[in-house]
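Residues per chain are reported as follows:
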Amino acid sequence: MGKPSITITTAKAIINSEYTLIKSHSKYKLPTHFEKLDAGSTKGRTTVVKIFYRRFVRLKPFVSNVKMVRQTYSDYLRYKFTKEDYELKRYLVFNPNGLQSKTSPEPMGSTKGGEKVMPMEEVQKTLQFILKSCSYLPETKEQKWSIARDNTYCRQILKNILTMQYEKYRSVLNRGVGHDELDVKFSHLRTKSSPPTKLNKGDKKKIPVFKIFSDFDTTLVHLNESLGTRL
Amino acid sequence: MGLPKSAYKKLLIDCPMRVINKNCAQRVKDVSPLITNFEKWSDKRKKLYFKDEEEMVGHFHLENFNLKNNLYGRLLASPMRAEKISKLKSCRELLIPLKVVPSTGKDQHADKDKLKLVPTLDYSKSYKSSYVLNSASIVQDNLAAATSWFPISVLQTSTPKSLEVDSSTFITEYNANLHAFIKARLSVIPNVGPSSINRVLLICDKRKTPPIEIQVVSHGKGLPITQSVFNLGYLHEPTLEAIVSKDAVTKGIYLDADNDKDLIKHLYSTLLFQSVN
Numbered sequence: 079m080g081k082p083s084i085t086i087t088t089a090k091a092i093i094n095s096e097y098t099l100i101k102s103h104s105k106y107k108l109p110t111h112f113e114k115l116d117a118g119s120t121k122g123r124t125t126v127v128k129i130f131y132r133r134f135v136r137l138k139p140f141v142s143n144v145k146m147v148r149q150t151y152s153d154y155l156r157y158k159f160t161k162e163d164y165e166l167k168r169y170l171v172f173n174p175n176g177l178q179s180k181t182s183p184e185p186m187g188s189t190k191g192g193e194k195v196m197p198m199e200e201v202q203k204t205l206q207f208i209l210k211s212c213s214y215l216p217e218t219k220e221q222k223w224s225i226a227r228d229n230t231y232c233r234q235i236l237k238n239i240l241t242m243q244y245e246k247y248r249s250v251l252n253r254g255v256g257h258d259e260l261d262v263k264f265s266h267l268r269t270k271s272s273p274p275t276k277l278n279k280g281d282k283k284k285i286p287v288f289k290i291f292s293d294f295d296t297t298l299v300h301l302n303e304s305l306g307t308r309l
Numbered sequence: 423m424g425l426p427k428s429a430y431k432k433l434l435i436d437c438p439m440r441v442i443n444k445n446c447a448q449r450v451k452d453v454s455p456l457i458t459n460f461e462k463w464s465d466k467r468k469k470l471y472f473k474d475e476e477e478m479v480g481h482f483h484l485e486n487f488n489l490k491n492n493l494y495g496r497l498l499a500s501p502m503r504a505e506k507i508s509k510l511k512s513c514r515e516l517l518i519p520l521k522v523v524p525s526t527g528k529d530q531h532a533d534k535d536k537l538k539l540v541p542t543l544d545y546s547k548s549y550k551s552s553y554v555l556n557s558a559s560i561v562q563d564n565l566a567a568a569t570s571w572f573p574i575s576v577l578q579t580s581t582p583k584s585l586e587v588d589s590s591t592f593i594t595e596y597n598a599n600l601h602a603f604i605k606a607r608l609s610v611i612p613n614v615g616p617s618s619i620n621r622v623l624l625i626c627d628k629r630k631t632p633p634i635e636i637q638v639v640s641h642g643k644g645l646p647i648t649q650s651v652f653n654l655g656y657l658h659e660p661t662l663e664a665i666v667s668k669d670a671v672t673k674g675i676y677l678d679a680d681n682d683k684d685l686i687k688h689l690y691s692t693l694l695f696q697s698v699n
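As they're listed, the protein sequences go chains X and S.
Read left to right, the first sequence gives residues 79 to 309 (this note's numbering).
Read left to right, the second sequence gives residues 423 to 699 (this note's numbering).
In short, the hints are calculated from the structure, not lab data.
Cβ coordinates follow ideal geometry from the N, Cα and C atoms, glycine included.
Hints may be right or wrong, so weigh each one.
Negatives, chain X to chain S, calculated, CB over 12 Å [claimed, not checked]: (1) Arg-123; (2) Lys-219; (3) Asn-238; (4) Gly-280; (5) Lys-282.
Derived, one-sided and incomplete: chain S residues facing chain X with beta-carbon distance under 8 Å [said to hold, decoys possible]: (6) Ser-464; (7) Ser-512; (8) Ser-609; (9) Ile-611.
Only pairs whose alpha carbons sit at most 20 Å apart, straight line, appear in this in silico EDC-like list of lysine to aspartate or glutamate [stated by the list, open to error]: (10) X:Lys-222 to S:Glu-477; (11) S:Lys-490 to X:Glu-303; (12) X:Lys-263 to X:Glu-220.
Let the hints inform the model, and build the full structure from the sequences given.
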């Protein structure tokens, strides 16, 4: 016994008992003409970054129906576009012992004269990832597409990233973990060189919390490496 | 219907009488904006509609990431579960599943009601389970509170005395099981050549520092592909090292990313388990 269902078709969408399926894609399409703009000039690059940021924000209603999740999504976007030092994060994941000694060189390319260079291909792949996670294919029992499975994976991963982001936010609020420790300095990815006996009580409590975040972020960076995205 | 015409007029939107008369037929055909813009307030989950795969890949340039065979994708897509030590949520596959089994220790006194919590390799539905994080040192430090790691449903229904955790063998048992599993699988594995996508290479090198590396390998013709390199030198297991480095030429073995998903997953979690953090 299936649910009683009714389908309403409007000019822009098909609405059935479960989803609102948007038919017009022009607003969400991957930008293709940005290469001309991204010709090295700072102004052109700013335009390209804005183009991408707008696309990501437009997908906000598709990410979730829950206001809190949508808020987490847009906060995460803003963080990724403005604050995050991804090169440092990546460096820490692949060189877990690299920063133990103070003499080791700082990661290359983390700051290039204060101007961050957005790697456009990676951002485009990421936009593909998000688009895939909000897409719908009309599958029937006879007709199935393998890409639909892949889209489901994308959606689950996006959902988990947002949950993790919310967990980070919660632990900043309630656990005495500094926001800069997780988001700016990535303390959770650095190896603890000092033995745990020397740590004070507050730091000791942070160890398991950091381990959860570091496992997740490490795997996420590995995923980014293998797909060429920047989630 | 038996309503007088004046009642209808009262219900209609206030508009001059002659307009109604002139455009009456047309007005009836017009559909309310409640219907034409229904997607705005339908309050259903919004999705982008694609006709079929062809439209998605061809016109929209969305590619298939093949996440099904991507280790990291599978790990990150697993459902979120609460973790017992940090009290946070994390992906199930990144945690160690614990299962509740009836205690089978010295059975001279009535041990039937006693329950024991043991780490397992794979989550299975047939047991009540909970999860702890995947780190040897942190689990070791927190073993004193291990009885609180039982699933809540068990904690609520049983008395504290009937619950037990064998803290002396907790870590070693898990570690031994994990290594036995990996050894058993590795010893029978055929040395497949490097596969074209999602390839995993096992090496054993004590000088190299990172346990997990991802390299970009140019693959003859076509696009360069990524390969994950797991360095098992960190596990300090001579037998594993022997298996891995038996092939002197390649100094490592390639794993079949499509068929040995569980083996690759366990190797990854072993490396995270041992890492000092």
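Query raised in the report: For which of the previously enumerated hints does the structure constitute a violation, in increasing order of number?
Result: 3, 5, 8, 9, 12
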